[in-house]
Amino acid sequence: QKEVEQDPGPLSVPEGAIVSLNCTYSNSAFQYFMWYRQYSRKGPELLMYTYSSGNKEDGRFTAQVDKSSKYISLFIRDSQPSDSATYLCAMSAGNQFYFGTGTSLTVIP
Amino acid sequence: DGGITQSPKYLFRKEGQNVTLSCEQNLNHDAMYWYRQDPGQGLRLIYYSQIVNDFQKGDIAEGYSVSREKKESFPLTVTSAQKNPTAFYLCASRAGIIYAQYFGPGTRLTVL
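First to last, the protein sequences are chains Z and D. Going left to right, the first sequence walks through residues 1 to 109 as the working numbering numbers them. Going left to right, the second sequence walks through residues 1 to 112 as the working numbering numbers them.
Source of the hints: derived by calculation from the structure; they are not laboratory data. Check the hints yourself; a few may be wrong.
The calculated lysine-lysine pairs, modelled on DSS-like cross-linking and capped at a C-alpha distance of 25 Å, are [what the hints assert, rightly or not]: (1) K9(D) x K83(D); (2) K9(D) x K42(Z); (3) K57(D) x K2(Z).
Because the structure is a prediction, the values reported are computed rather than measured.
From just these sequences and the hints, can you work out the full model?
Printed below as a string of structure tokens:
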């Protein structure tokens, strides 16, 4: 079983839709949770960083962590064509990070 | 501007050659990491370093070597022992254990 599971998609939505991206994990020691956005042939860009359970909002993005279910989510409101990218979840408990394989998102104008 | 730089952006290697990928950061971060990214496999850890002159192997260290002589620099050498080196290589850094990683722009290595 992988440490982190993420549905690879692809996910295609119309502009303005609410997007929900999810990851599940198996290691209950994970404490720090991140979402990255990666455009093709570029390095990942940190979008959201949360510690432990709860919600965090930043503009159109909301990150949600449910440690009891070992489940994290990223919501994108009013999605834009510029949001088309691959979204990676990541988590850590110490010095190392564990990544999902990424979900490919396309927002259609 | 603070950030992480990687060079070159594209690199071509003949079989049997060693090549070195550069990673520099001016964020004053203590920890630095190297990952390999292949389609459909996500990011795999090659090596990481928490302080100068110290580094640890990741999940796929065979065929790779690193050095950490300066806080700002963490070069990765892909040796001829790495049988399938064609991939996208990403360098990252982190300020401390409670902080997230930040990534560089990546180097795409192709073996001819």
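Structure-based check of each hint:
1. At roughly 21 Å between alpha-carbon atoms, K9(D) and K83(D) fall within 25 Å of each other, so this suggested pair holds.
2. The hinted pair formed by K9(D) and K42(Z) meets the criterion: a straight-line CA distance of about 10 Å does not exceed 25 Å.
3. Between K57(D) and K2(Z) the alpha-carbon distance is near 20 Å, which keeps this suggested pair within the 25 Å criterion.
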